[in-house]
Amino acid sequence: MLKKSWINLLLIFLPLLAGAAELILINIFAQAVPPFMVTADFGVFAFVFGMTIRNLGIVAFMMGLFITGLLLIFYNRALRRQESTQSLIENAKQDAEQGRRRFLRRLDHEIKNPLTGLRAALVNMQEVQTGVDRQRAVDNASNAVERLTRLLTDLRKLSDLGERPIELWQVDVPDLLQDVVDAAHVLPAYKGREVNLLIPKVPSPFPMITGDRDLLVLAVYNLVENALKFTCETDSVEIRVLEDGRAILIEVADSGVGIPVEDVSKIFEELYRGSNARTTEGSGLGLALVHRIIQLHGGQITVRSSQEDPRGTVFTIHLPVSKKKITLLPSS
Amino acid sequence: MRPGLFLPSTFLTMLPDRSTLLLADDDPTIADSLAPFLERAGFHVLVVSDGVNALEKAQTHHPELIILDVLMPRMDGRETLRRLRKAKIWTPTILLTQVGEASERALALEEGADDYLNKPFDPHELLARIRAVLRRVRPGERSLSAAWLLTAKDLSLDRRARRATLSGKTVELTPKALAVLEYLMTHPDEAVTRERLLEAVWGWEYPAGTRTVDTRMAELRRALDDDPADPHFIETIPGEGYRFIASVHGEG
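From first to last, the protein sequence lines are chains A and B.
First residue of the first sequence: 1, per our numbering; consecutive thereafter.
First residue of the second sequence: 333, per our numbering; consecutive thereafter.
A couple of the hints might just be wrong.
[Stated by the list, open to error] Pair ranges (Cβ atoms, derived): (1) B/Arg492 x A/Lys93: 53 to 59 Å; (2) A/Ala120 x B/Pro368: 23 to 29 Å; (3) A/Leu152 x B/His393: 32 to 38 Å; (4) B/Ser499 x A/Ala92: 55 to 61 Å; (5) B/His456 x A/Cys232: 33 to 39 Å; (6) A/Ala120 x B/Phe369: 21 to 27 Å; (7) B/Phe369 x A/Pro205: 51 to 57 Å; (8) A/Pro203 x B/Asp559: 30 to 36 Å; (9) A/Lys191 x B/Pro507: 32 to 38 Å.
Since the hints were made in silico from the structure, they are not lab data.
Model, not experiment: these values are computed from the prediction.
From the three backbone atoms N, C-alpha and C, an ideal C-beta is built for every residue, glycine too.
Produce the entire structure from the sequences given, and follow the hints as far as they go.
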């Protein structure tokens with residue numbers, strides 16, 4: 001760690017002081033100084049340029065001045081570089097702190113609502129007379145508990161993802177996507193809907209990727225669930241996959257209302273709710289989970305969305321193609 | 333839920349001698365709600381709020397089953413269980429883990445817990461676990477959950493080395509499939525639902541959950557050369573889940 005200290009300054013000015021001292025000494029003892037009193041370097045210098053001992057003193061002083069100047073420049077530059085890294089670290093710290101506060105604020109909000117509902121339901125349970133009202137209170141209480149449980153489960157998933165290493169095995173992407181579509185059938189939003197799955201016939205077999213199949217299923221499933229949630233029956237939802245030899249590209253597209261421009265950059269944040277997602281069910285952690293999973297696989301996720309025609313939202317996942325050719329997971 | 337299943341009278345006829353449970357949880361709201369629930373289910377429940385008391389009560393009152401919370405003051409659930417096993421007390425134990433972390437669940441097995449449940453859980457789920465454990469465990473005997481080496485026919489599973497061998501040859505398995513095998517082998521002859529496997533092995537629910545389990549099961553069966561139509565090890569129970577049918581022997 002570089003610091004502005006007297007010692008450093010002294011070290012920087014030492015060549016200059018030494019040069020000055022030599023100049024003074026040579027001037028005082030002009031004739032008396034035997035050649036060995038000046039350094040070997042200067043001796044050679046003097047010899048080459050045919051200088052007198054007196055001139056040598058001036059040269060020593062100039063050299064000292066030059067070296068000190070150089071040191072000053074380097075010192076200054078190093079200090080400035082250090083300051084800029086420090087300010088970067090400082091900014092990152094501030095960002096993290098801000099993010100943490102934002103997360104807590106959102107968490108508070110997410111917990112507050114079901115908890116309020118739960119308290120009201122408990123009061124109702126104690127006070128209502130008829131069986132029907134009582135059942136309604138019980139249902140409301142269960143709903144609130146359900147919401148809190150889902151929030152907690154997703155929070156745990158997020159923290160788990162940060163802590164445990166992911167499984168790395170060969171994953172067959174088309175097979176995985178088929179699983180996602182099959183799993184999505186049970187969603188209430190799937191009723192009367194169709195998810196279009198587009199899988200190329202060539203190349204065959206489709207290139208494998210290396211990763212944790214279960215986590216990748218979760219990621220794509222979350223995107224499909226989102227797509228179904230924010231679209232209506234007349235809209236289409238599509239999953240497509242492509243490859244270019246190096247990466248596999250998975251897209252989940254829908255022709256729904258689209259995401260407002262001001263929300264697009266924030267939707268992967270934990271517990272962020274876009275303006276058209278405020279009233280929709282969900283923990284607010286789904287997309288954050290997707291983002292984390294894709295990152296853990298060395299991939300990228302991007303989103304493009306439009307609220308005007310041609311309207312719709314497309315999430316694009318890039319995952320690197322696995323280099324190994326072996327298959328260890330069964331393709332069911 | 334079948335009607336009338338949780339009426340006390342049904343249970344009293346099912347369990348004529350009221351089994352004693354030791355419930356150790358430092359959170360009074362949990363203990364105060366769970367204890368009456370379990371009492372209604374026909375058990376006699378002893379409640380303690382820390383590990384030291386749990387250890388003491390386990391030795392003096394000889395409960396049929398112990399339910400231990402992991403995070404407790406004075407002595408945590410894990411340490412309590414370790415000491416119990418060290419003292420050769422093989423009372424079946426269910427650990428209530430707080431964190432769904434995979435390592436925590438692996439540890440629960442390492443310390444010889446017979447089962448574990450992630451908080452927050454449905455009390456009915458706890459009840460089902462208690463029943464299953466009580467059915468499986470023979471009193472006073474060391475349970476399979478505390479054994480390091482499990483063998484069934486020519487299949488053996490070294491839990492410490494995380495390796496399975498079939499007729500002496502190593503079976504190539506993904507870590508998840510191995511964990512599934514471990515769970516099934518420590519719960520032989522028990523109908524294990526896909527949801528149960530998901531919670532025990534994956535730690536959290538997956539949306540494509542049941543299919544996820546089936547995929548691993550297919551992998552496991554292929555590796556073990558086990559024909560689903562005529563299984564030697566893993567049987568499918570339609571509409572329910574799976575059952576490990578070979579008899580399992582535990583060592584070490």
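So which of those numbered hints doesn't the model satisfy? Of the numbered hints, just 1 does not hold.
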